[in-house]
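**Student:** Residues per chain are reported as follows:
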Amino acid sequence: MDFDIAFAWSITPELLSGLWVTVQVVVLGFVLAVVAGLLLAIAQRSPLPLVRAACAGYLSFFRSTPLMVQLYVLFFALPLAGLTLPAFATGVIGLGLYYAAYIAEAFRGAIDDVPAGQWEAARALDFEPATTWRRLILPQAVKPLLPVLGNYLIGMFKETPLLAVITIPELFQAAKQVAGMTYRYNEPYTLMALMFLAISVPTSLLFKYLEHRRHA
Amino acid sequence: MPEQSFHSAPAQIVLRDVVKDFGRNRIIDHLNLSIPQRQKVALIGPSGSGKSTVLRLIKGLESYQHGSIEVAGVSVPEKRRGWHWPGAGKPATVHRVGMVFQQFNLFPHLSVLENITEAPLRVLKVSEEEARARALAYLDMVGLRHKADAWPGKLSGGQQQRVAIARALAMRPQVMLFDEVTSALDPELVAEVLAVIRTIAHEQQTTMLLVTHEMGFARDIADRVLFMEGGRIVADGTPQEILVNPVNERTRRFLNVVERRDTSQPLAEWQTPTAAL
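Heads up: the protein sequence lines correspond to chains A and B, in order. Numbering of the first sequence is given in this note's numbering, commencing with residue 1 and proceeding in unit increments. Numbering of the second sequence is given in this note's numbering, commencing with residue 1 and proceeding in unit increments.
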């Protein structure tokens, strides 16, 4: 087993540009997933049965089909219906919608866990429902949720090699290309693994820090 | 009629023929009650008699099936507003009813000061300075100004309850509801909370309703005592009439049981040594 450091150094810029694409897809996808997940969690409490049913349908669909299948549908099937999106946008939407279903469930649980007394205290002080959610309930719900969100973010990051199938030039795709062109596999794949590690570990530490930042 | 004297001031809280069912249980059974401004009313009675429900109905925390409730001339709707849904409409802030709970229910993610300023800021839309000044004044009143920047979780139960009282007062309520506010406290912490409520009763112009098991305390600060049982008011009169010389047989038996564990005060002269054991 030989590892040519000079060669590894020479392919690093290519891999880094792949990593940059990966990070962008994940960050944007995560933002979409958290926003959509929160909206889904709130909509599940809607007084309208139709809204609740639509949410249940969404969760069921996205949690019962493989992410790869969803990406294929978004990328290859939707254009047949006249809706064509660039690969990058498809990746963001695909990851975002898939993880939104899981994050919605996590939000729902965390919101349910806020004690009834908090709602009553808010009501007793005549807070409007929207203010109650924004200032009192959600801040309390999000804190225990931080480690869960962190896990989903890292999970998303680790799913990104799937995006290669819809031609997004992310890190895995970049490593594969280098390997295919140079017939050297050791350096690009090792570097790729180290880069995944270099993002995942600090991310996990960041969420640990956020979790313990405030002692209430 | 001893009730005559209660109705000299205009009625601020009026319950007319109110019925509240929970499933197949009748919690409040055709209850009629009129409370004039500034009156201090103690609600006593066995557990499950509907005392707390009366407070919760007045605050609009519970729906009811029949009758009507008015606070300061404005009706409290029969249907509870869905405040678990962010799209639900505004609650009726015109009532200005404050409530303090058995379990304090401070917001754990906000400091003591923020717990108190939050509602004046967001609900009454007062300025930052005004909210802060109010909060500090009420913290002074409950003796906790030095804890303004503490987290609620770091305070004792008695301190948390005093903060909860300051939080309710900062909304300048016309009516204050105290729902068994000392029941969750260790015995040695009860006195400090009762002292604060006593101060409010003497200094503030608010109408007060207290559900309490502290009979000595009720006798001390209340103008009027209601004895409830089975969702109805069974006896209604001055502390003298209800607590000192109870005419009602059921009231007398109840008092004999509670007096044995009253911790609010040393023995009062009206308590016989046997009853106070």
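Just so you know, these hints were derived from the structure itself, not from any lab. Glycine residues also receive a C-beta, built at the ideal position from the N, C-alpha and C atoms. One or more hints might be untrue.
To be verified - Chain B is faced by these chain A residues, among others (derived, beta-carbon under 10 Å):
(1) D113
(2) A121
(3) A124
(4) F127
(5) W133
(6) I137
(7) Q140
(8) K143
(9) P147
(10) K158
(11) R184
(12) K208
**Student:** Confirm or reject each hint.
**Tutor:** Do the hints match the structure? See the list:
1. D113: Status violated, d = 12 Å.
2. A121: holds (4 Å)
3. A124: It holds, given that the least Cβ distance between A124 (chain A) and chain B is near 4 Å, below 10 Å.
4. F127: holds (6 Å)
5. W133: holds (4 Å)
6. I137: Given a least distance of 9 Å, the restraint on I137 (chain A) holds.
7. Q140: holds (5 Å)
8. K143: holds (7 Å)
9. P147: violated (17 Å)
10. K158: violated (31 Å)
11. R184: violated (53 Å)
12. K208: Violated - the Cβ of K208 (chain A) stays beyond 10 Å from chain B, reaching only about 19 Å at its closest.
Of the numbered hints given earlier, the model fails hints 1, 9, 10, 11 and 12; all others are met.
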